[in-house]
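Trainee: So the protein lines, in turn, are chains A and B. In terms of my numbering, the first sequence has 47 at position 47, counting the first letter as 1, and numbering is strictly consecutive. In terms of my numbering, the second sequence has 166 at position 166, counting the first letter as 1, and numbering is strictly consecutive.
It is worth saying that the hints were derived from the structure and are not from the lab. This structure is a prediction, so every number in the text was calculated from the model and none was measured. Hints may be right or wrong, so weigh each one.
If chains are identical, the list can't say which one is meant, so a pair holds when it fits in one copy or spans any two.
[Claimed, not checked] Taking lysine-lysine and the DSSO-like style, the derived pairs with C-alpha atoms no more than 27 Å apart in a straight line are:
| hint | residue 1 | residue 2 |
| --- | --- | --- |
| 1 | K123 | K60 |
| 2 | K30 | K338 |
| 3 | K311 | K209 |
| 4 | K60 | K235 |
| 5 | K30 | K60 |
| 6 | K388 | K251 |
| 7 | K358 | K209 |
| 8 | K366 | K338 |
2 protein chains.
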Amino acid sequence: MALIVQKYGGTSVADAERIRNVASRIVATKEKGNQVVVVVSAMGDTTDDLIKLANQVASKPSERELDVLLSTGEIVSSTLLAMTLKDMGHEAISLSGAQAGIQTDSAYSSARILKIEAKRVIKELENGNIVIVAGFQGITDGMDTTTLGRGGSDTTAVALAAALGAEVCERYTDVEGVYTADPRIVPEALRLPEIGYEEMLELATYGSKVMHPRAIELGGLYGIPILVASSFCDKPGTLIHGGISMEIRNKVSSIAHDFDVAKVTIVGVPDRVGIAAGIFEPLAQAGISVDTIVQNASVDNITDLTFTVSKSQLPAAMEVVKPIARSIGARECVSDSKLGKVSIIGTGMQNTPGYAAKMFRALSEKGINIQLITTSEIRITCIIQEAKVKDAVRVLHQAFELEK
Amino acid sequence: MALIVQKYGGTSVADAERIRNVASRIVATKEKGNQVVVVVSAMGDTTDDLIKLANQVASKPSERELDVLLSTGEIVSSTLLAMTLKDMGHEAISLSGAQAGIQTDSAYSSARILKIEAKRVIKELENGNIVIVAGFQGITDGMDTTTLGRGGSDTTAVALAAALGAEVCERYTDVEGVYTADPRIVPEALRLPEIGYEEMLELATYGSKVMHPRAIELGGLYGIPILVASSFCDKPGTLIHGGISMEIRNKVSSIAHDFDVAKVTIVGVPDRVGIAAGIFEPLAQAGISVDTIVQNASVDNITDLTFTVSKSQLPAAMEVVKPIARSIGARECVSDSKLGKVSIIGTGMQNTPGYAAKMFRALSEKGINIQLITTSEIRITCIIQEAKVKDAVRVLHQAFELEK
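Between the sequences and the hints, there should be enough to build the whole structure, so can you do that?
Mentor: This is the structure:
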């Protein structure tokens with residue numbers, strides 16, 4: 001008898017009919033002889049509706065109160081799912097994050113899970129129940145409700161799977177799996193039957209919206225296999241795990257892209273110790289999340305410093321950076337808000353020369369100019385014009401023969 | 001510095017504007033130098049909407065799950081109110097029933113409060129907070145959420161007031177107070193500035209919809225004064241308390257009525273020991289709530305037995321009673337579903353002769369036939385034709401000079 005953790009996203013439980021569909025899938029898993037723990041997100045747009053309500057009553061809603069408010073969305077969906085299962089004749093029980101023992105720090109709206117005290121979950125499983133846990137939420141040691149922020153319910157599911165020693169964490173949404181590229185851009189893109197944690201993490205971080213990096217990281221840390229599949233069909237999905245065979249590892253597995261890139265360049269920065277800190281500390285204090293940072297080689301002790309942010313954060317970033325640029329004697333401060341990025345990802349990369357060259361050639365043959373390049377062990381990213389992103393994804397998919 | 005518990009009903013917090021209005025009232029109370037604990041109901045139709053959702057997914061929703069589901073309604077309103085207060089610059093915190101220490105038995109959907117462990121509430125008050133408690137809910141010793149059933153949030157408020165030793169429990173809805181009769185029937189009806197617990201209890205039980213009997217009973221038990229007033233105006237309301245002066249006590253204070261009465265008469269019942277039990281036990285087992293029971297004096301060991309139920313329960317009651325009537329050799333079983341009742345209520349009644357006679361005369365002069373009469377120490381109730389109820393209320397209001 002295996003223990004399986006399943007997680008269903010908001011679109012999968014958006015109405016009564018979909019909840020019944022999800023219930024049938026859960027029953028099928030249970031009837032194969034498994035113990036099943038299910039983590040659910042809030043129904044459809046519930047969370048957005050609750051945020052709207054909060055903004056109607058308060059100009060700046062209290063984070064503590066907002067967390068309690070938002071946590072009700074997952075409680076509603078978890079109880080409805082438990083009712084549905086019981087109504088279908090199966091033993092089931094819903095548990096809030098607190099009841100499921102999801103203990104977090106008290107960073108409201110983006111709490112981190114500290115520990116899972118899974119006694120109650122285990123007891124309910126032993127009683128023969130399908131256990132439905134409200135995702136996205138936890139409780140502090142002061143018994144206050146917290147929410148986990150972006151990727152929260154996925155994180156709940158993977159963390160529970162780790163705490164319970166589950167065989168697999170199955171994560172169902174309206175997406176059928178992880179593809180070699182976005183199928184809306186590359187129609188011949190293939191679903192990957194499996195992918196390693198590191199590659200999936202790079203994919204998620206560099207533009208794939210399939211899954212938030214946080215839960216993938218946790219899965220990798222505890223070695224929990226994560227199946228990414230759709231609750232609307234019976235296709236096999238993509239298994240994220242650590243046991244990918246050498247041969248599969250040794251290639252580019254997928255192309256990621258992101259349309260949301262803006263660039264700030266501080267031109268003619270005197271190359272002195274502490275200059276970078278003097279720029280990026282105020283940005284961090286202003287809550288601006290800086291992505292790529294590139295500093296050109298210094299000539300005559302004068303350098304150019306470039307960094308990227310999301311487009312929405314560009315005005316705030318410029319406001320922070322302009323006075324600093326002046327004060328350190330930089331020549332000027334320029335920005336470009338019409339950029340995107342394209343990345344090739346594959347664990348084989350660092351051992352196999354020629355990937356970078358192949359990527360740059362493919363882009364140049366298509367007339368795509370590369371503005372910035374950054375790399376990790378298993379990824380090469382080029383920042384290019386936003387208007388060229390789709391072309392870039394297509395040409396790279398072809399160049400690395402991912403349709404095969 | 002006094003401690004005041006305020007309770008706001010669902011219509012009082014139905015939208016953002018009303019929540020802000022309620023927040024202003026709370027702030028005014030706080031700024032008079034009081035500590036304030038607020039109990040809220042769910043916004044507007046939330047509870048009905050949640051029940052609808054439950055019925056969409058399950059033919060017979062699990063009671064445990066339904067309680068968790070419904071409890072979210074009050075959590076939503078309590079957090080929104082706390083946010084609003086904080087946004088207005090006042091320290092406030094919302095607490096769920098569990099956090100407020102409302103410990104109940106595990107009778108889902110109609111749990112009884114066993115004990116209130118008010119440590120957290122007291123701590124938050126000492127920290128200078130306005131404490132907003134989600135009404136209608138509690139927690140079992142197994143840490144499962146329960147709801148308190150009808151009159152639940154009022155009960156939460158009065159029980160908290162008792163546990164905290166509050167000076168008063170102020171209960172705000174869209175009703176301006178307790179009247180000498182329903183002002184929709186008797187336009188000249190007067191608001192009672194005060195009323196005793198026993199009278200209010202009879203009023204509530206015998207037709208006034210102003211407040212559920214349960215919370216009034218609890219208020220009487222612990223001697224908590226309850227102010228019934230409207231959150232939509234600044235009228236003074238009605239204070240329910242135990243210190244009503246003798247002179248005010250010694251009269252009829254109010255006329256109650258109820259349109260929802262159906263009558264079952266079992267005609268020609270052999271008058272043997274155990275017959276009544278043989279009829280009313282099966283009714284109770286079928287979940288039928290019997291109101292008035294009248295047994296006529298026995299002649300030749302044959303009696304007629306009449307009882308009343310709500311109209312909606314009449315078919316079920318007849319189904320239970322008919323076979324019993326046959327089996328005990330009763331002559332027949334008849335029903336009337338077009339009845340109502342009218343009651344005069346006043347603590348002076350038992351010491352002052354003539355009230356009953358005055359009531360019966362007033363009704364007869366208006367041509368209203370009395371079908372059944374029942375009395376308590378402070379109440380006389382007549383069951384009459386439903387179509388005559390309004391006339392009866394008016395004529396009694398006049399006869400007892402309640403407009404003065």
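Trainee: Which earlier hints turn out false for this structure, listed by number in ascending order?
Mentor: Failing hints, ascending: 2, 4.
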